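Chains as they are written, first to last, in the working numbering: chain Z, 889 to 1182; chain Y, 889 to 1182.
Check each hint, because a few of them may be wrong.
Facing chain Y, according to a computed beta carbon distance under 10 Å, are these residues of chain Z, among others [what the hints assert, rightly or not]: (1) Ala974; (2) Gly992; (3) Trp1023; (4) Asn1030; (5) Ala1038; (6) Gly1040; (7) Leu1178.
List time: in silico DMTMM-like cross-link candidates among lysine to aspartate or glutamate, alpha-carbon distance up to 20 Å [said to hold, decoys possible]: (8) Lys989(Y) x Glu993(Z); (9) Lys1133(Z) x Glu993(Y); (10) Lys1133(Y) x Asp1057(Y).
Where chain Y lies over chain Z, by a calculated footprint (3+ residues, C-beta under 8 Å) [claimed, not checked]: (11) 915-929; (12) 1016-1022.
For the record, the hints were derived by calculation from the structure and aren't laboratory data. Quick caveat: nothing in here was measured; it's all calculated off a predicted structure. Yeah, the Cβ is synthetic: ideal placement off N, Cα and C, and Gly gets one too.
Here are the chains, one letter per residue:
2 protein chains.
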Amino acid sequence: MFEERYAYYKKAVEKQLSEYLENKNIEPLLREAMAYSLLQGGKRLRPVLALAANALIVDDFNECLPLSCAIEMIHTYSLIHDDLPAMDDSDYRRSKLTNHKVFGEDTAVLAGDALLNYAFEVAIDNALRFPDNIWNHMKALNYIASAAGATGMISGQSLDLNKNNLTVDGGYISSVHEKKTAALIMGALKAGLQLGSPTNKQLEAISSFGYNFGLAFQIVDDILDITQDSITLGKDANKDIENGKQTFPSIYGLNTSKTMAADYSEKAIGALDIFGDKAWFLKDLSAIYLNREH
Amino acid sequence: MFEERYAYYKKAVEKQLSEYLENKNIEPLLREAMAYSLLQGGKRLRPVLALAANALIVDDFNECLPLSCAIEMIHTYSLIHDDLPAMDDSDYRRSKLTNHKVFGEDTAVLAGDALLNYAFEVAIDNALRFPDNIWNHMKALNYIASAAGATGMISGQSLDLNKNNLTVDGGYISSVHEKKTAALIMGALKAGLQLGSPTNKQLEAISSFGYNFGLAFQIVDDILDITQDSITLGKDANKDIENGKQTFPSIYGLNTSKTMAADYSEKAIGALDIFGDKAWFLKDLSAIYLNREH
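Turn these sequences into a full structure, and let the hints steer you where they fit.
Here you go:
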């Protein structure tokens, strides 16, 4: 049942993303580069989270689908820029050459910029289609913008460049992970829920789920980076060690990191109780992602 | 009188921009890099245009100021990314070292991303402060997002990379300039006006002004690139020829280009007649920018 629901959300997102990329007013080479990274598969985790959060209090996902696509565009732009030679210098992503390897660095920079801008464009267009609910759309966009931006994900990436010679300890790593990964995951969940005019308690519950699930997700990511090979991951393995990055396993060791991930995951699941039976999908998702292999 | 009004707008924009950059939740190095490019002066043309368009039908600029700052953030991010080694590879901008020369390419990429995202963040925050006018704020953001994005400015930049081996003629150059420069100028003007619930005729008039002024502005830019030295320009001169870019002067020659700029500028001024006396500032601005020297 979980698999079917996940596939159902994922398919809807991918269909909609592919329609957005049919826009003939985008310069052809730019459009090709955007499509190359955006339509390449991947888990589609963030848009699925937005749709699943929305489904906790809203019956159909029509209003939320464009917003969830916007979040995937933001995630994808961040990967394109992260992979650049001046950043992580990665050659492979999702088992394919990275964007700049195919289109050159100049077009990869522009494709990333274009996806970030397009995210806001499609979300704003969508909001204008629902004038009666425009306040909630604006609030939802507010969550996403601050999660993705200079106080959220991009600050996390900047910390991750390790330029500041700060003491790197567990607290520091948690703070990087909070900003780099958990922020956008929380933003996606809150935005999806917001469209249904949630109560404050519901918003707090989804935030708590997002925070704890987001940290568990990133710890598992760190663990996979050192325990799996590049073929299983579909991207360069051991990248963190190569880039001299501190991670949960490098600070706490593998076993403690696994326990921490499990604890965060459990807390995440507990936070959803106020939504009753409707929370089954997000609860399953949290448990399944804890034990994923790539 | 023109100088005073321009300085008044510019000062208000710069004060507000500097307040936005006091946000302590932005990672310090990232914030420094954002501030380095955003608070470095420059003409502040686009935010001034937004405020001046707003003033055609609105009495005070409080609602428009954050939006005009957002447009300047978008303009600044595009310059940071344009200057990158993989793009135009420029060392100087506004008589100072470019962002990547000071902070490194990685931080420059992130600072650009952060400014683009922050633009939407502050504009959305601002919209939520005016619930009664939220529809107009959303429309205004809509104009800005499409002007700045994959169908506007970024398509222009992609065309400008000259990767497509298309025939470069006058029509092609006009289309690059329309997207690369005129689009965001039009977007700024339309957004500023939109906040005052304009009529369709008023919107058409400001669009026509923006289109013609935007092309005149870019042709003059092309002319200055070959007729002025780097010190006067505050950035590398002869960059277009060095990068093998076709421009208005390279296709039409210097004299015809000057005549074309003058014609566009005159058309721009004519389009503003329906606003009566209140249009004096934008009319003066169009005339003065035609004869600028840097």
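Hint-by-hint comparison with the structure:
1. At a threshold of 10 Å, the smallest CB-CB gap from Ala974(Z) to chain Y is about 4 Å, leaving the interface hint in force.
2. The interface hint given for Gly992(Z) is met, as the beta carbon of that residue sits about 7 Å from the closest beta carbon of chain Y, less than 10 Å.
3. The closest approach between the C-beta of Trp1023(Z) and any C-beta of chain Y is roughly 7 Å, which is under the 10 Å cut-off, so the hint is satisfied.
4. With a cut of 10 Å, the hint placing Asn1030(Z) at the interface with chain Y holds, because the nearest CB-to-CB distance is about 5 Å.
5. Interface restraint check for Ala1038(Z): the shortest CB-CB distance to chain Y comes to about 4 Å, inside 10 Å, so the restraint holds.
6. This hint holds: Gly1040(Z) has a C-beta 9 Å from the nearest C-beta of chain Y, less than the 10 Å allowed.
7. Given the 10 Å rule on beta carbons, the hint for Leu1178(Z) is violated: about 29 Å separates it from the nearest Cβ of chain Y.
8. Using a Cα cut-off of 20 Å, the hinted pair Lys989(Y) and Glu993(Z) holds, with the two alpha carbons roughly 17 Å apart.
9. For the hint linking Lys1133(Z) to Glu993(Y), the alpha-carbon distance of about 18 Å falls within 20 Å, and the restraint holds.
10. At roughly 12 Å between alpha-carbon atoms, Lys1133(Y) and Asp1057(Y) fall within 20 Å of each other, so this suggested pair holds.
11. Remark: the region 915-929 of chain Z is confirmed as covered by chain Y, as 6 of its residues place a Cβ nearer than 8 Å to a Cβ of that chain, reaching the required three.
12. With a threshold of 8 Å between beta carbons, the proposed coverage of the region 1016-1022 of chain Z by chain Y holds, since 3 of its residues qualify and at least three are required.
When the structure is compared with the earlier hints, a violation turns up for hint 7 alone.
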